[in-house]
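Number of protein chains: 4
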Amino acid sequence: MPVIDLNADLGEGFGAWRMGDDAALLHIVSSANVACGFHAGDPDIMAQCFARAKQAGVSVGAHVSFPDLAGFGRRSIPMSPQEIERAVAYQLGAAQALAHYAGHKITFVKAHGALANLAESDAQIADAVARAIVAVDPSLTQLVIALSEQTCAAERAGLSAAHEIFADRAYTQEGLLAPRSQKEAVIQDVELVVERVLKMLTTGAVLAQGGALLLTPIDSICVHGDTPHAVEMATRLRAAIESAGWDIRAFAPPAD
Amino acid sequence: MPVIDLNADLGEGFGAWRMGDDAALLHIVSSANVACGFHAGDPDIMAQCFARAKQAGVSVGAHVSFPDLAGFGRRSIPMSPQEIERAVAYQLGAAQALAHYAGHKITFVKAHGALANLAESDAQIADAVARAIVAVDPSLTQLVIALSEQTCAAERAGLSAAHEIFADRAYTQEGLLAPRSQKEAVIQDVELVVERVLKMLTTGAVLAQGGALLLTPIDSICVHGDTPHAVEMATRLRAAIESAGWDIRAFAPPAD
Amino acid sequence: MPVIDLNADLGEGFGAWRMGDDAALLHIVSSANVACGFHAGDPDIMAQCFARAKQAGVSVGAHVSFPDLAGFGRRSIPMSPQEIERAVAYQLGAAQALAHYAGHKITFVKAHGALANLAESDAQIADAVARAIVAVDPSLTQLVIALSEQTCAAERAGLSAAHEIFADRAYTQEGLLAPRSQKEAVIQDVELVVERVLKMLTTGAVLAQGGALLLTPIDSICVHGDTPHAVEMATRLRAAIESAGWDIRAFAPPAD
Amino acid sequence: MPVIDLNADLGEGFGAWRMGDDAALLHIVSSANVACGFHAGDPDIMAQCFARAKQAGVSVGAHVSFPDLAGFGRRSIPMSPQEIERAVAYQLGAAQALAHYAGHKITFVKAHGALANLAESDAQIADAVARAIVAVDPSLTQLVIALSEQTCAAERAGLSAAHEIFADRAYTQEGLLAPRSQKEAVIQDVELVVERVLKMLTTGAVLAQGGALLLTPIDSICVHGDTPHAVEMATRLRAAIESAGWDIRAFAPPAD
Chain A
1 MPVIDLNADL
11 GEGFGAWRMG
21 DDAALLHIVS
31 SANVACGFHA
41 GDPDIMAQCF
51 ARAKQAGVSV
61 GAHVSFPDLA
71 GFGRRSIPMS
81 PQEIERAVAY
91 QLGAAQALAH
101 YAGHKITFVK
111 AHGALANLAE
121 SDAQIADAVA
131 RAIVAVDPSL
141 TQLVIALSEQ
151 TCAAERAGLS
161 AAHEIFADRA
171 YTQEGLLAPR
181 SQKEAVIQDV
191 ELVVERVLKM
201 LTTGAVLAQG
211 GALLLTPIDS
221 ICVHGDTPHA
231 VEMATRLRAA
241 IESAGWDIRA
251 FAPPAD
Chain B
1 MPVIDLNADL
11 GEGFGAWRMG
21 DDAALLHIVS
31 SANVACGFHA
41 GDPDIMAQCF
51 ARAKQAGVSV
61 GAHVSFPDLA
71 GFGRRSIPMS
81 PQEIERAVAY
91 QLGAAQALAH
101 YAGHKITFVK
111 AHGALANLAE
121 SDAQIADAVA
131 RAIVAVDPSL
141 TQLVIALSEQ
151 TCAAERAGLS
161 AAHEIFADRA
171 YTQEGLLAPR
181 SQKEAVIQDV
191 ELVVERVLKM
201 LTTGAVLAQG
211 GALLLTPIDS
221 ICVHGDTPHA
231 VEMATRLRAA
241 IESAGWDIRA
251 FAPPAD
Chain C
1 MPVIDLNADL
11 GEGFGAWRMG
21 DDAALLHIVS
31 SANVACGFHA
41 GDPDIMAQCF
51 ARAKQAGVSV
61 GAHVSFPDLA
71 GFGRRSIPMS
81 PQEIERAVAY
91 QLGAAQALAH
101 YAGHKITFVK
111 AHGALANLAE
121 SDAQIADAVA
131 RAIVAVDPSL
141 TQLVIALSEQ
151 TCAAERAGLS
161 AAHEIFADRA
171 YTQEGLLAPR
181 SQKEAVIQDV
191 ELVVERVLKM
201 LTTGAVLAQG
211 GALLLTPIDS
221 ICVHGDTPHA
231 VEMATRLRAA
241 IESAGWDIRA
251 FAPPAD
Chain D
1 MPVIDLNADL
11 GEGFGAWRMG
21 DDAALLHIVS
31 SANVACGFHA
41 GDPDIMAQCF
51 ARAKQAGVSV
61 GAHVSFPDLA
71 GFGRRSIPMS
81 PQEIERAVAY
91 QLGAAQALAH
101 YAGHKITFVK
111 AHGALANLAE
121 SDAQIADAVA
131 RAIVAVDPSL
141 TQLVIALSEQ
151 TCAAERAGLS
161 AAHEIFADRA
171 YTQEGLLAPR
181 SQKEAVIQDV
191 ELVVERVLKM
201 LTTGAVLAQG
211 GALLLTPIDS
221 ICVHGDTPHA
231 VEMATRLRAA
241 IESAGWDIRA
251 FAPPAD
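Protein chains in written order, with this note's numbering: chain A, 1 to 256; chain B, 1 to 256; chain C, 1 to 256; chain D, 1 to 256.
Keep in mind that the hints are not guaranteed to be accurate.
Unchecked claim - Here are some chain A residues the structure puts well away from chain B; computed CB gaps all over 12 Å:
no.	residue
1	R52
2	A99
3	P179
4	L213
5	H229
Stated by the list, open to error - Derived DEER-like restraints, expressed as beta-carbon distance ranges:
no.	chain 1	residue 1	chain 2	residue 2	range
6	D	L213	C	Q48	45 to 53 Å
7	C	R18	B	E184	24 to 32 Å
8	A	E242	B	S139	54 to 62 Å
9	C	R18	D	Q48	34 to 42 Å
10	A	P2	B	A23	30 to 38 Å
11	D	Q48	B	Q48	29 to 37 Å
12	B	Q48	A	L192	45 to 53 Å
Just so you know, the hints here were simulated from the structure itself, not pulled from any lab data.
Using N, Cα and C, we set each Cβ at its ideal position, and we do this for glycine too.
Based on the provided sequences and hints, a complete structural model is requested.
See the structure below:
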């Protein structure tokens, strides 16, 4: 029985502020990307999130970002690769400690927002992220965007990589995420999303604009929970994937 | 030959802002309390500070604080013991990761500013700090204020404790730090500071207002570097202690 | 025809973060308390909020707070009365400029959260808030909690005051807001809220626990929009007040 | 007797953090650019700064910036022109209120750091700054970099402009500030600085690399106080300018 992971962002709040529906997502995904305090997340939310994920049997990763609470990590803050490297190490360490505090364990790292976008095509920034992970703990897996510079950087750094595709996003002919400024960049239709994901899983390839199939390992599918519609789509997608014979399982489960 | 540690706060800057004279202190102390981003410190400054301390043979600890950059951690931010516990775990993890990144290793934890003051006499807050340390890594040492609730809390938590006295501070009859609102709370006279410290080291006791000697283990002496006068005082104190036959040595050196 | 004002908090977001339902509230209230960047609010949200309020014919006031984004202004940040005074002046000036920028005009000031709670009973803090308003613009009205120290402070400062009651809050025998730790502090039952408000409007008095009626001017009723239930309650309350013969009108409309 | 203004940045601290030597500069300059809380400055420091400037007879302006405390406003934070416009209005309003509170009056606005650099050559950003000033108070003067887009934008907006040159900076052949990455961008030699400034004042022109003199109105000279050397240079420059027959006087004194 083939296996696939579903991942989503969790713990996206800080202090009195909240986004997303953590409770719903914990029943859908096998891996949770937990915000580490730079774009969202605070020690309390992180600790609660790790404890709930542990109880739900969901693996947890550090979702590292530019320091940008106001912009939710979606803005490119001017930082050198070395500054990025250290910012990633800082967030990862904080997440490791709070996961341990909550009885869980960080097993992977994923870049968020503008940092992920830059690292998709900028090798220097992709290397900075990968180097930070290796420096803190080389046994961690990096959850990388399939076909991107992140993938190459993880390999250069000697890191284990899990390749993710996005359930509701269109891909350019080069296999990059279509920019959100494009009208068709985000796919709203649930059945179309299901159809595309199953095709990508079956073929082991990203479905690019124009119809080309770009071969890649696929270890995880990224889903969202920031709207009721998103939760519904993730639920439907999980059911469809399971019906089609896949087992939903974390790519990096904590060792017992 | 008896041994004693000298500790000081390092890495007290963030972004473009700076306090203190790290370069001078690294030649004086055997242990450095490194700010973790909540009252001061950012990933770059922390990484540089850990690298320099490693090179200087100085042990490093996480200097944990209330989240209060503007107030430099000197204000009591309203937080529950549980929120404090998680904030300490977060900072400690971040410091561990960046120390590791820089080739060094966190071997102790010290509370800063208002958090230290509250934990001096409030058992609940002292316990929160100690519990956080245990949860993240029970092999760490806590650098505690001698004769305070911090000492009791470390013991309750099963933590190894190093007891510190303050070179330039007066103590109440109960052995607490005299509040800064008192005229005599901070001792400016270098020779008086030297004389008092040597008396405390020799007797193994805190010298309280009124002259009483309150017996306590003494593992470390806290000095400052935030003014040229403070650096001069620390330099003079180190020389006097060494002349009197003590060996300046970290209480928690990293294992090789 | 008697007149009464309805006020609610608006613009409670910052950057990518949002609370409350501004669009719904703008159809219900006659005055909006707009967050100024310290507990919520940023220049964009403030400008949009002022422009929408202008279009809806809703008066706007500066909703001033402790600097505490994470805690949403609900925590007492340790600050001297002078520091509070200057923080209020800063926020008020920023709000005046952005209201002017958006074609509207700040006509009143209201304290938010922990600052409002402290100023309810602490004369020094109440005076600090009132002094700041007078220093910036003595022609502004202060929206004060009826029967509180805020009322006395506004009078001492020579400020015009508008007295507000809370639609869904119980009052102690002394006429203070019952602390939220009390089970009965917040009234959830819509019809009970309507009944109480109409009784207070009719008698010109606050209805205290135990049944006493404490006479006070009543110029405004505070309603909420942070949940669908709250919006529904505010809508129902407005309809009931209008049916009972009151005209809903801002206590401090901008001069044309 | 010809007149010229000397301007410098003041109030560059926040909370417990400090840069620069305000006390020294207040005896040297005729105009102070006061940080408004976005790159530096807090309500207390601003109020104190305005009160001291009033006492010293120094005019005050709002020194507006990107929101970037950590980067001291020297980083280009990704913001649209409209977001910049509103951020400038916010800061200006806050400064106006606190100046008024302290018995002084904002008479001009100057862009700081990365915002100033962008507005030197980007017309859209220059227009955003100028529009914000006009929207808040069209009677204010904008202190603009001579020969830059800031100058054109102030004119387009109908704002009164004061043109500044930089005492210690080299200019490209186009009359722009030489980028700091150039070795010769910042001139350290005091006598050379004095000679250049006097030449620029005498000829009414910016002295460009290669020796060309680019004609421009010159209303103010920007000096610094962030190092002892900078204070010494500013002192020497003022003496030389006065000896050469210029009267040091604010370009925008508050009306009595």
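Now for the hints, and whether the structure bears them out:
no.	hint	result
1	R52	holds, 14 Å
2	A99	violated, 9 Å
3	P179	holds, 29 Å
4	L213	holds, 39 Å
5	H229	holds, 33 Å
6	D:L213 to C:Q48: 45 to 53 Å	holds, 48 Å
7	C:R18 to B:E184: 24 to 32 Å	violated, 53 Å
8	A:E242 to B:S139: 54 to 62 Å	violated, 44 Å
9	C:R18 to D:Q48: 34 to 42 Å	holds, 36 Å
10	A:P2 to B:A23: 30 to 38 Å	violated, 58 Å
11	D:Q48 to B:Q48: 29 to 37 Å	holds, 32 Å
12	B:Q48 to A:L192: 45 to 53 Å	holds, 51 Å
Comparing the model with each numbered hint stated earlier shows that hints 2, 7, 8, 10 do not hold.
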